[in-house]
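S.K.: Now for the letters of each chain:
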Amino acid sequence: MYAYDEIDRTLVNERVSEFRDQVKRRLSGELTEDEFKILRLQNGVYLQLHAYMFRVAIPYGTLATNQLRALAHVARKYDRGYGHFTTRQNIQFNWIKLAELPDALEDLAKVGIHAMQTSGNNMRNVTSDQWAGVAPGEIEDPRIWSELIRQHTTLHPEFSFLPRKFKIAITASDHDRAAIKIHDIGLKLIKDEKGETGFEVLVGGGLGRTPFIGKTIKHFVHGRDILSYIEAILRVYNQYGRRDNIYKARIKILVHELGIEKFSREVEEEWQQIRNSSLQIDDEVIEDIRSRFTYPAYEKLPHMPDELRQAAADADFEAWRKNSVAPHKVQGYSIVTISLKPIGKPPGDATAEQMDALADLADKYSFGEIRVGHEQNLALPHVAKRDLPALWKALDKLGLATPNVNLITDIIACPGLDYCSLANARSIPIAQELTRRFANHELANLIGRLHINISGCINACGHHHVGHIGILGVEKNGEEVYQITIGGRADEGAALGNLIGPGVKFDEVADVIEDVVEAYLALRERPEELFIDTVKRLGVEPFKERVYATR
Amino acid sequence: MTSPLEQKKIKIAGPSVVTANRTWDGIVVYRTAAKSWSADLSEAAIVRNSDEAKALLAESVADDVGAIGPYIAPVQVGADGKIEPGNLREQIRRTGVTIGQSAQV
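Chains as they are written, first to last, in our numbering: chain H, 51 to 601; chain V, 11 to 115.
So here's chain H without its partners, still in its complex pose (with noise of 0.2 Å):
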C-alpha cells in the first residue's frame, strides 16, 4: 500500500471544500449548468441517463481494505448499493445526487480516495498492471513510477486543458495486464545493459471511432527522464493537438497525421529544452516514494501445503483455483482474481455487502490489500496458498467464486444503453445472455481463454476493438444492431479486430458468437490452440462463412 503524505491529504481535502462551494453556488443559480460543467467533470461527474454518475479513480488498480469499505459505504448511504468497476481502474456510482456529492467526496477523502480528473480534458487516472509488485519476473514495482506520474499530473495547470483526456498506463512485465499499447502513453519499465531501470515508451494508442494501437516513440528512457520526456509528449500534444473536432482531438490522430518519426522529432526537440531541468528526478524523490509503499512481512511457506493438497480433491474448488490463482514472485503465496463476473449479472459490479465481505477477506487472507484490473475484476495480491480452500469457501458464500477468469464469460462491458447518455445500445444484456449460453463451466474450459468485449457505441469503452471477439452495439433505424469483430487482444500483442460481416439484431447476437465458437471448436488443430491464434492462423474468412452460410 501507499501512504499519502500531509501535502496529498491537504489536496484532496482542500478539493472536497472547492467543489462543496461550487456544487452550492451551482444549486443557488449563482452558476450556470455551462460555466458548472467542467467543474463537476473535473471531479469525475458526468450525467447520464438516469442521474448523475459520480467516477471515483483508484490510482494504479491499489485499494487498501479501508477504502473499499468507504467505496461500500458510498454505494450504501448515496447510491443504490452497489458499484460498476470499470476499464480503467476506477468504480462509478450510477444514481448519485448532486446535492449529495460533496459529503460522499468528504467521506470518500477521509480515507485518501478522489474523483480528481477521472473525466475531463485532462491527465486521467495512471493505471497499471493489478499484480503490480507481486508478479514473478516483474522488473520493479510500477506503481513506484505511476505514482511519481500521478503526483505530477495532478492539477498540473499546463495540462489541465489538454485538447481532449489523455491516459498513460504502465507495466512492467513482459506479458501486458495493463493494455499499455491502447493508451495515449504506454510505458513498458525495462533495464538496459547497464542494469539502469528505464522505459520503452509507446505513444497514440487509442481506442473509440478511430482507433490505433501505440507505436514505440523511444526504446529506452531513463528513469530519472521520464517525467521530462512525457512532459515533451504533452506539450507537442498540446500544441498541435486539435481542437476544432473533438473526434480528431485525441493524441493518436495527431500521431497518425504526423506520422511517428515527425512527431517524435517534434518531441525529441522539446525534450532536449526541458530535459535537463527540475523535471529530472532524483533518486531520492524515488526513494521516498518507494519507501512509502508497504509491503506484507511474508512467511516463509512451503510451496505445496497440506491444506492445499487435501483441497485439490474437489473439483469444484479445482476448476475456481485453475483459473483464479496465479504464481506469486514469493514461494508460498498466490495471487487471487475474483471473478465480478457471476453468471446472468452485469459484468465489473459489486454490491456495497460485497466490497465489505472482500474487505474483511482481504485483511484475513491478504495483508489487507485488493486490485481492481482494467478486466473489470478484482484481486486479492498476497494469499497464503494454505489458504485458498478458506479463501474460496468465504468467496463462493458471497457469489464471487465463479470459476470463469480469462474464459468466455468474463466478459467486459461498458454500461451501455442500459445508463450512459453516449451509448446507442445495451450492452449489459448481451453479457448476461452470453453468460448464460456459456454457463457451463465443463464447457467454457473446453473453449479456454477466450474474451469477449462489448461496446455499447463507438466510443468504446468496452474495448470492443480488442476483444478476441468485440461486439459494438450500433443504432440502426431506430434498432440497435451489432457489429461482430474477431481477432483483436490488449495484451503485449494488441490488435484490432477484423469485421465478420454485416451487423445482426439485439435477439441474434447470442447465436451468431456461438456460431463463431463452434467454428473455432471445430477449427483448432489441437486444444491447446487459442482462439486468438486460430483466428490468427486461419482469418476470418471460415467464421464469417459459418455466420453468414445461413442468415
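Read the hints as simulated data drawn from the structure, not as lab findings.
For clarity, every value in this text was computed on a predicted model and none was experimentally measured.
Ideal Cβ positions, reconstructed from N, Cα and C, are used throughout, including at glycine.
Honestly, I wouldn't trust all of these hints.
Ranges of calculated distance between the beta carbons of each label pair, as one might list FRET restraints [what the hints assert, rightly or not]:
no., chain 1, residue 1, chain 2, residue 2, range
1, H, Pro-577, V, Trp-34, 50 to 60 Å
2, H, Asp-557, V, Trp-34, 35 to 45 Å
3, H, Lys-555, V, Ala-44, 36 to 46 Å
4, V, Ala-65, H, Pro-592, 55 to 65 Å
5, H, Thr-60, V, Ala-44, 42 to 52 Å
6, H, Pro-346, V, Asn-97, 51 to 61 Å
7, H, Leu-77, V, Ser-52, 56 to 66 Å
8, H, Lys-160, V, Thr-108, 32 to 42 Å
Starting from the known structure of chain H, fit chain V onto it as the hints suggest.
M.R.: Just chain V, lined up with the frame of chain H:
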C-alpha cells in the same frame, strides 16, 4: 446527447416532449404545460410542430436551475391520451435499466 442548439434545427416528426434531468438529484423529468418539471411523463406538455417544440425547448433551457440538458424527445400518444416514450432510449430513461436486478446478491 444532441445539444438544444442543434435540436432547434430539427423538425419534429410527430408528438414530442421536452425532457431533461433535474439539477439537484439528476432524475429524469419532463417539461409541463405549467412551466415546471415533472417526473411523470403523463404530465408532460406535448408539442406537435416545430414552432411549438422550439418554444417549449427555449423555455426549458431558460430554467437552468431546475433541470439540465433539455432536449426534444419523441413520444407516442394513444387514442386514450396515454403518453409513451417514442424510442428505446427514452423507454429506458422512463422505466429504468433493462438488466434486472443490478446488484449481484
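S.K.: Hint by hint, which ones does the structure fall short of?
M.R.: 7
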